[in-house]
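**Q** Chains as they are written, first to last, in the numbering used here: chain X, 4 to 120; chain E, 590 to 702.
These are calculated hints, taken from the structure and not from any lab test. Among the hints, erroneous ones may be present.
Simulated crosslink set (SDA-like; lysine to any residue; CA at most 20 Å straight-line) [claimed, not checked]:
hint, chain 1, residue 1, chain 2, residue 2
1, E, Lys625, X, Phe50
2, E, Lys633, X, Ser44
3, E, Lys633, E, Asp659
4, E, Lys633, X, Ala4
5, X, Lys6, E, Thr648
6, E, Lys629, X, Ser68
7, E, Lys625, X, Arg66
8, X, Lys6, E, Lys625
9, E, Lys629, X, Tyr53
For reference, the chains in residue letters:
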Amino acid sequence: AQKITQTQPGMFVQEKEAVTLDCTYDTSDPSYGLFWYKQPSSGEMIFLIYQGSYDQQNATEGRYSLNFQKARKSANLVISASQLGDSAMYFCAMRGGSGAGSYQLTFGKGTKLSVIP
Amino acid sequence: DTAVSQTPKYLVTQMGNDKSIKCEQNLGHDTMYWYKQDSKKFLKIMFSYNNKELIINETVPNRFSPKSPDKAHLNLHINSLELGDSAVYFCASSQDLVKNEQFFGPGTRLTVL
Numbered sequence: 004a005q006k007i008t009q010t011q012p013g014m015f016v017q018e019k020e021a022v023t024l025d026c027t028y029d030t031s032d033p034s035y036g037l038f039w040y041k042q043p044s045s046g047e048m049i050f051l052i053y054q055g056s057y058d059q060q061n062a063t064e065g066r067y068s069l070n071f072q073k074a075r076k077s078a079n080l081v082i083s084a085s086q087l088g089d090s091a092m093y094f095c096a097m098r099g100g101s102g103a104g105s106y107q108l109t110f111g112k113g114t115k116l117s118v119i120p
Numbered sequence: 590d591t592a593v594s595q596t597p598k599y600l601v602t603q604m605g606n607d608k609s610i611k612c613e614q615n616l617g618h619d620t621m622y623w624y625k626q627d628s629k630k631f632l633k634i635m636f637s638y639n640n641k642e643l644i645i646n647e648t649v650p651n652r653f654s655p656k657s658p659d660k661a662h663l664n665l666h667i668n669s670l671e672l673g674d675s676a677v678y679f680c681a682s683s684q685d686l687v688k689n690e691q692f693f694g695p696g697t698r699l700t701v702l
């Protein structure tokens, strides 16, 4: 079974500072994918970044980067130069396994990020 | 153009009723999903549907039934609604099973009274 753990229910960061949101995962599958989604107060789910288990380099998308440490089974999201609009819930998710269920996502419980002006 | 759309956005109904939530994607994706987000914001997969193959999450009560009239639509029917069914339901779709980036709909907030 796959499991995603986000240990920070809430985080605060000063505007323009960088922040790291933690995510650890557990899987016995050699092939898996890790995702981060943002859910603002309006409720929609916005895809941010993806990391494949065989990717050699850490994924980056604009101000978002994923600090992937495979041996430690962690996939932390780093947001640089925080903006007020970054205030939202952030979910870490994993796809993995084999067969028909391999494309389902397992989500963590989320971290609520608040950016302080 | 909206990639994944859901209707209705809000649904308020009485216990025991039967209701449906519709989902449509215009991305040409083969795979669609239904997720439930509870009051604590926890998201859990309910169903996935890939090229006419339905994958059912065994923890989902059989009062919930997905129906896919075609590849672009995956509707969710719920019979005999219960108070515990109150949640936000998200539809999503993906094309690439390797990368599996999932595009989510705006969600449907279901309130059962």
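**Q** Against this structure, judge whether each hint is valid.
**A** So, going through the hints one by one against the coordinates:
Straight-line distance between C-alpha atoms of Lys625(E) and Phe50(X) comes to about 17 Å, which keeps the hinted pair within the 20 Å bound. A threshold of 20 Å between alpha carbons decides the hint, and for Lys633(E) with Ser44(X) the separation of about 19 Å falls inside it, so the pair holds. Taking the CA atoms of Lys633(E) and Asp659(E), the gap is near 24 Å; set against the 20 Å cutoff, the hint is violated. Between the alpha carbons of Lys633(E) and Ala4(X) the distance comes to roughly 14 Å, so the proposed pair stays at or under 20 Å and holds.
About 16 Å separates the Cα atoms of Lys6(X) and Thr648(E), which keeps this hinted pair within 20 Å; it holds. About 27 Å separates the Cα atoms of Lys629(E) and Ser68(X), which puts this hinted pair outside 20 Å; it is violated. Restraint check for Lys625(E) and Arg66(X): the C-alpha separation of about 29 Å exceeds 20 Å, so the hint is violated. The suggested pairing of Lys6(X) with Lys625(E) holds, with an alpha-carbon distance near 17 Å, which does not exceed 20 Å.
The hinted pair formed by Lys629(E) and Tyr53(X) fails the criterion: a straight-line CA distance of about 25 Å is larger than 20 Å.
In this structure, the hints that do not hold are numbers 3, 6, 7 and 9, in rising order.
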